[in-house]
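J.: Chain by chain, the residues run as shown.
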Amino acid sequence: MVIDTLKCVGCSDCVVACQTENDVPIGYCRDWITETVNGSYPTIELELKSERCNHCDNAPCVRCCPTGASHQLDNGIVLVTGNECIGCGACIESCPYDARYQHPDGYVDKCTFCHHRLEKGQLPACVSVCPTKCMYFGDLDNPNSEVSKLLKNRKHKTLAPEAGTKPQVYYLT
Amino acid sequence: MQEELFTSGRNIPNIDPSLEIWHWPISVYLFLGGLAAGLLFFAGLITVLGKDKEYPASVKFASIVSPIALTLGLLALFYDLTHKLYFWRLYTTIRIESPMSWGAWVLLIITPISFLWVMSYYSELFPKWKLNFEFLNTFEKFLQKNRRNMAIALIPLSIILGIYTGILLSAFNARPLWNNAILGPLFLVSGLSTGAATIILLAKSAKEKHLFGKIDLILIVIELGLIVHMLMGMYAGSEVQLEAMQLLVGGEFTLMFFGFVIILGLIVPAILELTELIGYKIPVAIPALLVLIGGLVFRFVMVEAGQITRYLY
Amino acid sequence: MHTFSRTANNPNLNDLKKENDLWVNPKVARILGIKTGQYVWLKNQDDVTSTFSIKVRVTERVRWDSVYMVHGFGHDNKKLTRAYAKGINDTQLISKIAVDPIMGGTGIRGNFVTILTENPHKNIEI
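Sequences listed follow chains A, B and C, in order. Sequential numbering from -15 applies to the first sequence in this note's numbering. Sequential numbering from 401 applies to the second sequence in this note's numbering. Sequential numbering from 239 applies to the third sequence in this note's numbering.
These are computed hints drawn from the structure, not numbers from a lab. Just to be clear, a hint being listed does not mean it is correct.
Below 25 Å or equal to it, Euclidean Cα-Cα: the simulated SDA-like pairs (lysine to any residue) are [to be verified]:
1) C:K256 / A:L32
2) C:K265 / A:L30
3) C:K293 / A:K150
4) A:K117 / A:G90
5) A:K139 / B:Q402
6) C:K273 / B:E497
7) C:K256 / B:I412
8) C:K293 / B:N414
9) A:K33 / A:D89
10) A:K150 / B:E404
11) C:K317 / C:S243
12) A:K33 / B:E403
13) A:K(-9) / A:V21
14) C:K334 / C:S243
15) C:K256 / C:N327
16) C:K256 / A:P9
17) C:K256 / B:D416
18) B:K528 / B:K604
19) C:K293 / B:K528
20) C:K317 / B:G409
21) A:K150 / A:T65
22) C:K265 / B:E403
23) B:K484 / A:P9
24) A:K150 / B:K528
Please read all numbers here as calculations on a predicted model, not as lab measurements.
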């Protein structure tokens, strides 16, 4: 997924869309907006980002799950099987982005890139409702896809690369 | 000025403003696991070296504590799970990359062995409660014959039990306070030292108390060296590790860490045991109890402080 | 995040944003001695005091001679169970208006506020 920070306005439509699409209980959220302000008035830099689970290539949550409930599919999406999760909390401790939470039913939950919508050929809920169209979703292994071309042409960054997790959500700056 | 905040008002319970997923059951389990590992290591080692008649407390009396400690630790872990009905899923697969999976399997193997170990000493430990069933008596004799085999199995298993608690924490690269490789050996040495302290408390002969007093002294010195190593390593680390260091030496946990863990838990018992070796009479219960309290507080501090450290926000 | 003031009681949106913040420049915050997270009251030039209190956010994003808050909070109808008494109502503080006699356009920029750090309603029951 590629997100353009120059176009995000922080409206939180993606947060509410995800909550309604995935039945996230009130009080929890699978994605959120962060605002970073640098400098002093009147020379200020503002960055708005929509963050979620980064579906890392070297995911620490998959590595430390004792039952294998946290697994990674071939296309890179990290999912949690609720029936195999014992609720030990190790994956929550190991995520540097605090992307996981304990669902009130006991298992651990997080952003799934709307896997059920991808199977039907639709885009994830957050990408489809964004009013400024700042979110792009596609196959990074395919050099002709929109996301690969965006990464080739513009400067981009990832969150906390020093944690060694190789996250797969890129932010265009 | 720099400002970083959640515009969308994120306030997930137990995660914001700082992570609080693991509470006291995990710290209690880490302490009990280390204690049991230390006790079983010494029990196995003394039996393999053939000195079990000279040091009865370490193989007999103190080893009653290990099955109790392991059972209480397992109950504490089970209590901490949030999806309790599915705990059996832990035993449907072995995941080599997950230290928690190693721990689950090692606990599964070592807990019955510790019960069998106590069972093999049953007639010596509980002479008043004679076993009424004949097959239990033959079972006990079978265990006594195989005691040396059990001891040989116990030594590596107890080392794995002691060290995996540290490796479990150091495998989380998202918590800078835990993400150093010294935590594994540090927890192992701490566990062995609490095990030696328990043996001192339960020992009956002065010779045994002195031997384990010396062993405990050496282990305390090694543990102090490893803690210094850990602090130096974090001083030389990245910004997040320096901030993690500040929690322990200059922040909220300084009193607990330096006061209870280092001074009361390590330095004072070392001085007391040294003066005892020189010749002064000191009741041995005091350094042993201080070491036990120091071990427990150390694990509480590590679990609580580690969850506050983070890479982002 | 919310739409005008009518979505303030919506469960999903209210959970994400319950109340508005008062954006205060750091220089002003230093002079007045207020910090992020503190609750303050506003009083305007005609001595109209806000009914409820508002949380302060000390930020560089606003000038030192103004404060900013999002419109649409400070509801005083108890039936809006989630939105009642959260944040303050900015229209309550607009008391001086100039009305254009021909087309009725309203000029509302002549209102100035002071920040009060102590509860002005302490002796009065709301």
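J.: Hints numbered earlier in the text: which of these fail when held up against the supplied structure?
T.: 3, 4, 6, 9, 19 and 24
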